[in-house]
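**Q** Residue numbers (my numbering), protein chains in the order written: chain R, 4 to 217; chain C, 585 to 711; chain L, 31 to 561.
FYI, nobody ran anything at the bench for these hints, they're computed from the structure. Don't take every hint at face value.
To be verified - Below, in silico cross-link-like pairs of lysine-lysine (DSBU-like), each with a Cα-Cα straight-line distance of 30 Å or less:
#: 1; chain 1: L; residue 1: Lys517; chain 2: L; residue 2: Lys46
#: 2; chain 1: C; residue 1: Lys600; chain 2: C; residue 2: Lys654
#: 3; chain 1: C; residue 1: Lys700; chain 2: R; residue 2: Lys120
#: 4; chain 1: L; residue 1: Lys46; chain 2: L; residue 2: Lys518
#: 5; chain 1: C; residue 1: Lys700; chain 2: R; residue 2: Lys100
#: 6; chain 1: L; residue 1: Lys87; chain 2: L; residue 2: Lys302
#: 7; chain 1: L; residue 1: Lys46; chain 2: L; residue 2: Lys94
#: 8; chain 1: L; residue 1: Lys46; chain 2: L; residue 2: Lys302
#: 9; chain 1: L; residue 1: Lys372; chain 2: L; residue 2: Lys87
#: 10; chain 1: C; residue 1: Lys654; chain 2: R; residue 2: Lys71
#: 11; chain 1: R; residue 1: Lys100; chain 2: C; residue 2: Lys651
#: 12; chain 1: R; residue 1: Lys71; chain 2: R; residue 2: Lys10
#: 13; chain 1: L; residue 1: Lys372; chain 2: L; residue 2: Lys518
#: 14; chain 1: L; residue 1: Lys43; chain 2: L; residue 2: Lys471
#: 15; chain 1: R; residue 1: Lys100; chain 2: R; residue 2: Lys10
#: 16; chain 1: C; residue 1: Lys700; chain 2: R; residue 2: Lys71
#: 17; chain 1: R; residue 1: Lys127; chain 2: C; residue 2: Lys654
#: 18; chain 1: L; residue 1: Lys43; chain 2: C; residue 2: Lys696
#: 19; chain 1: L; residue 1: Lys94; chain 2: L; residue 2: Lys471
#: 20; chain 1: R; residue 1: Lys127; chain 2: C; residue 2: Lys700
#: 21; chain 1: C; residue 1: Lys651; chain 2: C; residue 2: Lys600
#: 22; chain 1: L; residue 1: Lys308; chain 2: C; residue 2: Lys654
#: 23; chain 1: L; residue 1: Lys372; chain 2: L; residue 2: Lys471
#: 24; chain 1: L; residue 1: Lys518; chain 2: L; residue 2: Lys43
#: 25; chain 1: R; residue 1: Lys71; chain 2: R; residue 2: Lys127
#: 26; chain 1: L; residue 1: Lys518; chain 2: L; residue 2: Lys471
Claimed, not checked - Below, a sample of chain L positions facing chain C; criterion: calculated Cβ distance under 10 Å:
#: 27; residue: Val234
#: 28; residue: Ser343
#: 29; residue: Ile449
#: 30; residue: Ala452
Just so you know, even glycine gets a beta-carbon here, dropped at the ideal spot from N, CA and C.
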Amino acid sequence: MSMLVNKPHHVAHHFASEAQEFESARLGMWVFLVQELLFFGALFVAYGIFRWWHPQMFIEAHHYLSWKMGAFNTVVLIASSFTMVMAIRSAQVNERKPLISYLLLTLLFAGVFLGVKYIEYMEKIHHGLLPGHFFSAQGVSEYLHLFFGIYFTMTGLHGLHILVGMGLLVWLLVRAIRGEFHSEFYTPLEMVGLYWHFVDLVWIFLFPLLYLIG
Amino acid sequence: MKNDNHASHHVIVPVKTYVAVFVALLILTFLTVFVAQFDFGSFNLLVALIVAMVKASLVVMIFMGLKWNKSFDRFAFFACLIFLFIFFLLVFVDIPLRSYRGVEESQHINLKSPVKLIAPGEAPVHH
Amino acid sequence: MSQVALNYLNATKGLKSWFCTLDHKRIGIMYLICIAVAFGLGGFFALALRLELISPKEILFTAKQYNQLFTLHGAVMVFLFIVPSIPASLGNFLLPLQLGAKDVAFPRLNLTSWYVYVFGALFCVYSMVAGAVDTGWTFYTPYSIDSATSVISMTLGAFILGFSSILTGVNFIVTIHKMRAPGLTWFRLPLMVWALYATSIIQVLATPVLAITLLLLVLERTMGIGIFNPALGGDPVLFQHFFWFYSHPAVYIMILPAMGIMSELVTTFCRKDIFGYKMIAFSSLAIAIISFLVWGHHLFVSGQSDYAAMIFSLLTYLVAIPSAVKVFNWVATMYRGSIQIKAPFLYFLGFMFLFCIGGFTGVMLGALSLDVHLHDTYFVVAHFHYVMMGGTVMAFIGGLHYWWPKMFGRMYNETLALIAWAFVMLGFNMVFFTQFILGSKGMPRRYYSYLDQFQPLHAFSTVGSWVLAVGFILMAFYLIDSLLNGKKAPSNPWGAMTLEWQTQSPPITENFLETPVVTHGPYDFGMEKQS
Numbered sequence: 004m005s006m007l008v009n010k011p012h013h014v015a016h017h018f019a020s021e022a023q024e025f026e027s028a029r030l031g032m033w034v035f036l037v038q039e040l041l042f043f044g045a046l047f048v049a050y051g052i053f054r055w056w057h058p059q060m061f062i063e064a065h066h067y068l069s070w071k072m073g074a075f076n077t078v079v080l081i082a083s084s085f086t087m088v089m090a091i092r093s094a095q096v097n098e099r100k101p102l103i104s105y106l107l108l109t110l111l112f113a114g115v116f117l118g119v120k121y122i123e124y125m126e127k128i129h130h131g132l133l134p135g136h137f138f139s140a141q142g143v144s145e146y147l148h149l150f151f152g153i154y155f156t157m158t159g160l161h162g163l164h165i166l167v168g169m170g171l172l173v174w175l176l177v178r179a180i181r182g183e184f185h186s187e188f189y190t191p192l193e194m195v196g197l198y199w200h201f202v203d204l205v206w207i208f209l210f211p212l213l214y215l216i217g
Numbered sequence: 585m586k587n588d589n590h591a592s593h594h595v596i597v598p599v600k601t602y603v604a605v606f607v608a609l610l611i612l613t614f615l616t617v618f619v620a621q622f623d624f625g626s627f628n629l630l631v632a633l634i635v636a637m638v639k640a641s642l643v644v645m646i647f648m649g650l651k652w653n654k655s656f657d658r659f660a661f662f663a664c665l666i667f668l669f670i671f672f673l674l675v676f677v678d679i680p681l682r683s684y685r686g687v688e689e690s691q692h693i694n695l696k697s698p699v700k701l702i703a704p705g706e707a708p709v710h711h
Numbered sequence: 031m032s033q034v035a036l037n038y039l040n041a042t043k044g045l046k047s048w049f050c051t052l053d054h055k056r057i058g059i060m061y062l063i064c065i066a067v068a069f070g071l072g073g074f075f076a077l078a079l080r081l082e083l084i085s086p087k088e089i090l091f092t093a094k095q096y097n098q099l100f101t102l103h104g105a106v107m108v109f110l111f112i113v114p115s116i117p118a119s120l121g122n123f124l125l126p127l128q129l130g131a132k133d134v135a136f137p138r139l140n141l142t143s144w145y146v147y148v149f150g151a152l153f154c155v156y157s158m159v160a161g162a163v164d165t166g167w168t169f170y171t172p173y174s175i176d177s178a179t180s181v182i183s184m185t186l187g188a189f190i191l192g193f194s195s196i197l198t199g200v201n202f203i204v205t206i207h208k209m210r211a212p213g214l215t216w217f218r219l220p221l222m223v224w225a226l227y228a229t230s231i232i233q234v235l236a237t238p239v240l241a242i243t244l245l246l247l248v249l250e251r252t253m254g255i256g257i258f259n260p261a262l263g264g265d266p267v268l269f270q271h272f273f274w275f276y277s278h279p280a281v282y283i284m285i286l287p288a289m290g291i292m293s294e295l296v297t298t299f300c301r302k303d304i305f306g307y308k309m310i311a312f313s314s315l316a317i318a319i320i321s322f323l324v325w326g327h328h329l330f331v332s333g334q335s336d337y338a339a340m341i342f343s344l345l346t347y348l349v350a351i352p353s354a355v356k357v358f359n360w361v362a363t364m365y366r367g368s369i370q371i372k373a374p375f376l377y378f379l380g381f382m383f384l385f386c387i388g389g390f391t392g393v394m395l396g397a398l399s400l401d402v403h404l405h406d407t408y409f410v411v412a413h414f415h416y417v418m419m420g421g422t423v424m425a426f427i428g429g430l431h432y433w434w435p436k437m438f439g440r441m442y443n444e445t446l447a448l449i450a451w452a453f454v455m456l457g458f459n460m461v462f463f464t465q466f467i468l469g470s471k472g473m474p475r476r477y478y479s480y481l482d483q484f485q486p487l488h489a490f491s492t493v494g495s496w497v498l499a500v501g502f503i504l505m506a507f508y509l510i511d512s513l514l515n516g517k518k519a520p521s522n523p524w525g526a527m528t529l530e531w532q533t534q535s536p537p538i539t540e541n542f543l544e545t546p547v548v549t550h551g552p553y554d555f556g557m558e559k560q561s
């Protein structure tokens, strides 16, 4: 029964009110996401330039990717975004058990995403479709390796963000089980939620740009 | 008093809104895969980007709550898109407009490509 | 010995109380120490390479060592010293004080950013001992892909330092939005706060692009992703686009907080409200925004398209407008002011003089046709040293003298400060004005040797670097001496109006005994007479 006791939240000493504390955290998160956006944005600029230079090569290259796996992973990530908002909502209405279940589901979807990504990567490694120094496959365009340089950089950094997100989700789970999140306080949930949706957002663009060319 | 304070900063969104957005995102994913089968020529990219932007807007406005969050956060996010646009724009003012380098691909001198070339139409052999 | 009041310096004791502190003032001091060390190191490299250039022949260093020296000078000065200099040290110390807040919005994140800075600095130091880089601080491809020196560790160092800078930026933006004291409206903020705000915007928007650029360079070296490597079908000029999308705004990360300090100094030492408060505040934001539109002027001779060059040239001129607005307003503030010539004000005057030269030559270099001739000559070197050192470093030192009594509760020796200022001004102009002449005569930058006809000017410049060094050593002496033997400082030695002077020197841990309520503008010297 002790599990169901809500732990009260204490406002940090340098804030005057809970509202000030929450709004500060939220603004901080949004500003952080702004820098994330520029971080990935630069990669999209590079993508755009090389696609403009070698349109035929991009069409050739995307045939080596499995759009089925990409589409599956898109659905998985969208589902994880959905379970994330539901987790926050559960905290808002003081439903502890659904909160924990939704967080677990989000974590599960993240794991599935990385699992599928692992299968895709293994396949690429097997066929030698890798960045320049490791590229060993046949192709029509002599620039084919550039696509895989971009592909691995973009999906690799995105995967790294998923991994960080999974770490954050585990942290949230521990705190949720301890009863730290309830209708009076769920700031960390909401912040990680914003981060998680941002990671989803990046994939929403990566999927058509890498898997569905031509 | 604490509760009043609270209510003014948090919106509890109905479950059906979240479910509706979830379903819409799935439909749009299906749509983007579906339209990719047709060739619109140079509009392929545009169509894919428009669908992606609709999906992104749903995530940003509903899941991330910018629809209800009218504070500076909203401004910060949309303003930063302008800077990203500037980055795209000014790089594209340079590279496609360079006079000494055309669209043709075989313009690199001393290109050391690791690709084992095959003729168009020939299927690549994977070891 | 008189009773020492409780303050943030003596509130808790022991090394642990410093290394685990969440107090923004202590973190500011820790940054200040690191930054001073970095400045000393970068200065040492500068003296070494100036010494080598006293003659066109080999003196102490080989050509390769010379390449490493100027690279390390640039990398240390840019990434370890000047980018974090004012925001992370003075800014950290002052921002909550000027806002009437107890601390920054995220104190833990603030401490984290210091540790990230130290971690990044360790990478840079490792790179120095493990075969120092020789690519120039700009890491241009394709040479940086092929160079046998330790490019990766230095690049990762700069990458990590970038994160420290981003975290500071995020923290400051939130602090300024959410932590202002009651009554402290946006237009009652000290102009230093506006400047730090504009700086933070650039830190948050531009630094991630540097991060990804350097990461791509590391991937280029390790995996050959090819996008910057012409041998693999990539484009080295694309690297320059990426690099300068950060690094041009970054020079405004360096100068904007310096401009903020100028506004504080001119009002206090003229005892007069600032002329055109709103114009100065908005010009900071305008500089921040325009700074993202001009990066291509570093690529005028790199082979970017003619259209891009013309657009970038035109946009570059625009930056001169908000910069000039500030300079005119500072001059107008001095007009009929009650001017007190104290050390900080001398640095204000030094800044005005040197920054104008740096700014005007910047407009010259923004002109396409002229830049083709002056590109990569000593003219450019002189230009950016006039802005960066004559501007930012002068302001940083001026600010340091201004807030020194507040930070440590001690007064420094005013006479020695005046002498040091004279040495710094004389030495600086000897080093760099000479380089304007050398550059306009065609002396290319980063060259190990040169034509005999340039030798007298080079020698003069080198002697100047010694004069400059004497000035800085003297300054280090009397500042450290003041900590031990200085007179105790009152809470408001200059009679300034902003909030940080309304609490004791040094301040208590949570800054103010009671949260202040603000009822007037930051430079409302008329208020003082009424009360």
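**Q** Given the hint that lysine 654 of chain C pairs with lysine 71 of chain R, does the C-alpha gap stay at or below 30 Å?
**A** violated (38 Å)
**Q** For lysine 518 of chain L and lysine 43 of chain L, compute the direct alpha-carbon distance and say whether it is at most 30 Å.
**A** holds (21 Å)
**Q** Holds or violated: are the alpha carbons of lysine 43 of chain L and lysine 696 of chain C at most 30 Å from each other?
**A** violated (62 Å)
**Q** Is the Cα-Cα distance between lysine 100 of chain R and lysine 10 of chain R 30 Å or less?
**A** holds (15 Å)
**Q** Could you check if alanine 452 of chain L really has its C-beta closer than 10 Å to a C-beta on chain C?
**A** Hint on alanine 452 of chain L: violated, closest Cβ of chain C at ~43 Å, above 10 Å.
**Q** Can the restraint linking lysine 600 of chain C and lysine 654 of chain C be considered satisfied, given a maximum Cα separation of 30 Å?
**A** Given pair lysine 600 of chain C, lysine 654 of chain C holds - Cα atoms ~22 Å apart, limit 30 Å.
**Q** If you draw a straight line from the CA of lysine 308 of chain L to the CA of lysine 654 of chain C, is it 30 Å or shorter?
**A** Holds - the C-alpha atoms of lysine 654 of chain C and lysine 308 of chain L are around 26 Å apart, at most 30 Å.
**Q** Is the straight-line distance between the alpha-carbon of lysine 700 of chain C and that of lysine 120 of chain R 30 Å or less?
**A** holds (26 Å)
**Q** Does lysine 700 of chain C sit within 30 Å of lysine 127 of chain R, going by the straight-line distance between their CA atoms?
**A** holds (16 Å)
**Q** Would the pair lysine 71 of chain R and lysine 127 of chain R pass a check requiring their Cα atoms to be no farther apart than 30 Å?
**A** holds (15 Å)
**Q** Less than 10 Å between beta-carbons is the criterion; does valine 234 of chain L satisfy it with respect to chain C?
**A** holds (8 Å)
**Q** Quick one, are lysine 43 of chain L and lysine 471 of chain L close enough, alpha carbons at most 30 Å?
**A** violated (58 Å)
In this structure, the earlier hints numbered 5, 6, 7, 8, 9, 10, 12, 14, 17, 18, 23, 26, 28, 29, 30 are contradicted, and the remaining ones agree with it.
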